[in-house]
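Asker: Protein chains in written order, with the working numbering: chain A, 1 to 374; chain B, 375 to 666; chain C, 667 to 942.
The hints are simulated quantities; they were obtained by calculation from the structure and are not laboratory data. Do not take every clue at face value.
In silico PhoX-like cross-links for lysine-lysine, where the CA-CA straight-line distance does not exceed 20 angstroms [unchecked claim]: (1) A/K270 / A/K219; (2) C/K789 / A/K102; (3) A/K229 / B/K617; (4) A/K69 / A/K332; (5) A/K69 / A/K85; (6) C/K789 / A/K104; (7) B/K617 / A/K219.
Stretch-level coverage of chain C by chain B, calculated; a stretch enters the list once three of its residues show a Cβ under 8 angstroms from a Cβ in chain B [stated by the list, open to error]: (8) 689-701; (9) 717-730; (10) 763-772; (11) 785-791; (12) 797-805; (13) 847-856; (14) 879-890.
Just so you know, even glycine gets a beta-carbon here, dropped at the ideal spot from N, CA and C.
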Amino acid sequence: MKTREPLSLDPLTRATLLRRAGAGALGVSAASLLAACGSSGSSGSAGGSTSEAIKGQAILANYPGWMGKHNLADFAKKYPGASIKMISNATSSTAEVVLQFKSKQYDFLLSDTSDAGQASAANLITELDWSKVPNVKNVSEKFRKAYPWGLPTDYGKVGIAYRPDLVGGATITSWHDLWELIPKYSGQTVFIDLERDCMGSTCKYLGFSSNTTNPDDLKKVQDAITGVKPHLKAFLNTDVGAGLVNGSTAMAMDWDYDVALLQQKNEKIKWVLPDEGVHAYLEGFTAVKDTSKIAVIQAFLNFLAEPPQYADFVNTTGTAYLMPPSTPLILKSISQNPILVPTDAVLAKTEFDKYLGADGATLWSNTWTAIKAA
Amino acid sequence: MPPPAAPRRRQVDPGRLARFALLVPTLLITTICFIVPLGLIALYSFGSVNQVDFNVFFGWTTGNYRAFTSSLYLHTLARSVVLSVSTTLACAVIGFTFAYFISRQSPKVQRLLLVAVIVPFWTSFIVRTYSWVDLLQNLGPVDRLARALGLHGHIDILYTQWSIGIGILYSYLPLMILPIYVSLERIDPALFDAAEDLGATPWRQFRRVVLPMAVPGLIAGIIIVGVPALGEYVIPEILGGGKTLMAGNILADQFLQTGNYPFGSALAVSIMVVLMVLLFTLRRAQPAADAQ
Amino acid sequence: MNVRRHPFAAGLSLLVLLFLWLPLIVVAVNSFNQQTIMAGWGGFTTHWYSLALHDQNVRTGLETTLYIAIASALLSLAIAVSGALWWRHASPRARAAYDGLIYARIILPEVVSATALFFLFLKIHFTLGLTAIVIGHTVWNSAYAAIIVQARMAGLDPALEEAAADLGATPWRAFRRVTFAALLPAIIAAGLLAFTFSFDDVVTSVFLQGASNTPLPVVILGMIRFRITPEINAVGLLVMLFTVTLMSFAVLAYATAGSLGRSGRRGNMLDIYRGR
Chain A
1 MKTREPLSLD
11 PLTRATLLRR
21 AGAGALGVSA
31 ASLLAACGSS
41 GSSGSAGGST
51 SEAIKGQAIL
61 ANYPGWMGKH
71 NLADFAKKYP
81 GASIKMISNA
91 TSSTAEVVLQ
101 FKSKQYDFLL
111 SDTSDAGQAS
121 AANLITELDW
131 SKVPNVKNVS
141 EKFRKAYPWG
151 LPTDYGKVGI
161 AYRPDLVGGA
171 TITSWHDLWE
181 LIPKYSGQTV
191 FIDLERDCMG
201 STCKYLGFSS
211 NTTNPDDLKK
221 VQDAITGVKP
231 HLKAFLNTDV
241 GAGLVNGSTA
251 MAMDWDYDVA
261 LLQQKNEKIK
271 WVLPDEGVHA
281 YLEGFTAVKD
291 TSKIAVIQAF
301 LNFLAEPPQY
311 ADFVNTTGTA
321 YLMPPSTPLI
331 LKSISQNPIL
341 VPTDAVLAKT
351 EFDKYLGADG
361 ATLWSNTWTA
371 IKAA
Chain B
375 MPPPAAPRRR
385 QVDPGRLARF
395 ALLVPTLLIT
405 TICFIVPLGL
415 IALYSFGSVN
425 QVDFNVFFGW
435 TTGNYRAFTS
445 SLYLHTLARS
455 VVLSVSTTLA
465 CAVIGFTFAY
475 FISRQSPKVQ
485 RLLLVAVIVP
495 FWTSFIVRTY
505 SWVDLLQNLG
515 PVDRLARALG
525 LHGHIDILYT
535 QWSIGIGILY
545 SYLPLMILPI
555 YVSLERIDPA
565 LFDAAEDLGA
575 TPWRQFRRVV
585 LPMAVPGLIA
595 GIIIVGVPAL
605 GEYVIPEILG
615 GGKTLMAGNI
625 LADQFLQTGN
635 YPFGSALAVS
645 IMVVLMVLLF
655 TLRRAQPAAD
665 AQ
Chain C
667 MNVRRHPFAA
677 GLSLLVLLFL
687 WLPLIVVAVN
697 SFNQQTIMAG
707 WGGFTTHWYS
717 LALHDQNVRT
727 GLETTLYIAI
737 ASALLSLAIA
747 VSGALWWRHA
757 SPRARAAYDG
767 LIYARIILPE
777 VVSATALFFL
787 FLKIHFTLGL
797 TAIVIGHTVW
807 NSAYAAIIVQ
817 ARMAGLDPAL
827 EEAAADLGAT
837 PWRAFRRVTF
847 AALLPAIIAA
857 GLLAFTFSFD
867 DVVTSVFLQG
877 ASNTPLPVVI
887 LGMIRFRITP
897 EINAVGLLVM
907 LFTVTLMSFA
917 VLAYATAGSL
927 GRSGRRGNML
937 DIYRGR
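Modelling step: build the complete structure from the supplied sequences, incorporating the hints.
Answerer: This is the structure in structure tokens:
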């Protein structure tokens, strides 16, 4: 179902590339000069004259397994002398991601809107030269605008998953319904153990923007969560909804891709996109400031945004996707799953996380600590 | 017979320089990699952090320490201490009983039992701890057993303070058993016979012979278990369901999540102070034990 | 087994053993379980083992952890043995300070020492990575090793080495044939203990990892963050089998060296005299 032979560049793109290559001799940046001069290995004559500036190994910090099965190998094949080394860091939090940006030990990172926003505010990222990543046109406009710092790759909405048979046949359509049912089925609901996801969803429940920095709003959020906390089973960030399969959990606040996977194991699990709306994380790959491998990074991101490559990425990770041209190549279980497809109706109810600024971020994290300590 | 006229070789006791050379590796690892970094942390505890790029700068403030006094943190720290102390005590009681039992066996059986205690800990720590999630969850083996025994409803152990306690108890039991066993093993069996001959009851024998000898091992065990237990954050994270915030979690969170390094440093310094107080107490108890 | 005299202790000890082995049994059983969600038995399979053995992440993790553990164990031994030798002729005050530092390193919660090192390395622009992790592990590994070596050293009579010198041995030879030989069991035990601690370490490895290859425990942590599958149990059991094998060698070596010590010591002294 996936086409694996390299897609021949359409005439327009090829012409653009050739023109760039010609101008490249004059206007080439210092970084790619270094990459070209300092490169070892095969002289890259395959794939066009642009590949001679694209050499070296770029180091990527990423979630474990969050990459298409063949993306990295195919990239190395198409651009001999260039490769991506993926390091899987087990923890991901804003502080750590920003530190990763600072440490200069990586060339580019997977980061979400708040991480990248903060890193940008701290002047730790390199803006991409979008002319070198023309395939970014495959990404829907809404996502591009929400994630301008690099190539957005995926997003995840936080909604509700539940087992109607375990809550007396009740139907949940909103966050209100969930909050009402939690005390009735004490000890059977799981929330997500992440600040933005948990508090953001509660913001939606209360009718606030999930990016609010108003202290009064946040106090109400804190009370709403601590109010039901005694009745919660747990805050989890791994296998959040897994208990829904065997019935040890009745209701869960969970990510869309996770629920889609769980439904394959037990069809009784229902997904709800609550009436009040949802917040979503949006993440992508962003380059670190002063990386010497910017040419490789841009080439890779352009490569990843090609429909067959992006389809491989989506099919391997099972995530909600954001490049419509890849749809024919994506597994039907994903591309036709109403949970995951980015229809306009769904996107209208989705608010992406934003970087909240230094004060806002501090306010949120203090509130979260208060919630967890209660 | 050795030739008496042979010149005396250098004493085995090497010169002071050579002796000092022996200390250098230890000095390096303890000063550069232990004392200096801890000093840095103590320094940071008086600093402030830029919340955007997480750079620490020095305005010389005690604000980080004053933050402890907020009821939020005091409550959490108190709960943490209570949980650690009670788990350590449970560990001490259980560990002592087990160590005593081992020490009363023949040497062969002793070795077998020691191996039996240590082998489970050769699986990965993470895997072991996650298996407790499986064991303790609703509809899991422990739950089913309890219901078979007649307890009504689910017993909700998982994701409570009890599951954290079980997890910590489980992880630290060998660390408690070993020092106590080492102390007890040194007891000459003849002492028991002598005591019996003198007409002492088993309980008296225990109290007058065993307990005093076990004290140094017990103290060592309590400290080796109790203080690290205070700083535990992985076990509470896995078995606590995110509902019970412990001191170790707050500490780790400052460094890994929030980026509030000065506050985390202040917390770390507090733990270090507790540590130093305990070490001092240990030193006081040691000469008494050595005299035995 | 001496059970009758201590029925209560025996009963409790049995429960303790059960308690200690229960998770291991669960891990072992589940590693063959076809069912992925923890919802009972789904049939026997070795699929997870083949997955684990072929998983590139696991393989790289194993190599990385092996390197770290061996390096740290060797370093820790060097520090522990040299320190113990110094300790022999040290003043009581110096000894107290030395012992205090050993306990401090063991008792300080790992999260504190790991963070402290993290800051130091950041400050002096030392690259985080495998070397940083090895150093981080060695800080507390050397303390554990020191305790074991020292305990053995304390039981040695310094007069033995002096006697060897009297019999005509050079200081180096006296050291090698008497002291070092007597210390060997402790050195082996300490080295293996250090290796095991390093092999299973999570906290320090997470903090000091930087951009290096991921050590195995952190790989497992990552696998769990993504999704829990029985493959993790398979990995856990494989790790255990590996460590058991290693430790068996240790025990054998300890027993052999120890028994040599008991029967062969006097013979060695005469050898020294004979100039061998």
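Asker: Each hint should be assessed against the structure and marked as holding or not.
Answerer: Here is how each hint holds up against the structure:
Taking the CA atoms of A/K270 and A/K219, the gap is about 31 angstroms. The hint is violated against a cut of 20 angstroms. Between C/K789 and A/K102 the CA atoms are separated by roughly 12 angstroms; this keeps the pair inside 20 angstroms, and the hint holds. For a cut-off of 20 angstroms, the pair hint linking A/K229 to B/K617 stands: about 8 angstroms separates their Cα positions. For the given pair, A/K69 sits about 18 angstroms from A/K332 by alpha-carbon distance, which is consistent with the 20 angstroms threshold.
Distance check on the hinted pair: A/K69 and A/K85 sit about 14 angstroms apart at the alpha-carbon level, within 20 angstroms; holds. Distance restraint check for C/K789 and A/K104: the Cα-Cα separation of roughly 14 angstroms lies within the 20 angstroms cut-off, and the hinted pair is therefore satisfied. A hinted pair counts as satisfied when its Cα atoms are at most 20 angstroms apart, and B/K617 with A/K219 qualifies at roughly 19 angstroms. Residue count for the stretch 689-701 of chain C with a Cβ under 8 angstroms from a Cβ of chain B: 5. That meets the three needed, and the coverage hint holds.
Restraint check on the stretch 717-730 of chain C versus chain B: 0 residues with Cβ-Cβ distances below 8 angstroms, three needed, restraint violated. Counting residues of the stretch 763-772 of chain C whose beta carbon lies closer than 8 angstroms to any beta carbon of chain B gives 7, which meets the minimum of three for the stated coverage. With a threshold of 8 angstroms between beta carbons, the proposed coverage of the stretch 785-791 of chain C by chain B holds, since 3 of its residues qualify and at least three are required. Under the rule that three or more residues need a Cβ within less than 8 angstroms of chain B, the assignment of the stretch 797-805 of chain C holds, with 4 such residues.
By the rule of at least three residues with a Cβ nearer than 8 angstroms to a Cβ of chain B, the coverage given for the stretch 847-856 of chain C is violated, with 0 such residues. Using a Cβ-Cβ cut-off of 8 angstroms, 5 residues of the stretch 879-890 of chain C lie near chain B, which meets the minimum of three, so the contact claim holds.
Comparing the model with each earlier hint shows violations of hints 1, 9, 13; every other hint is respected.
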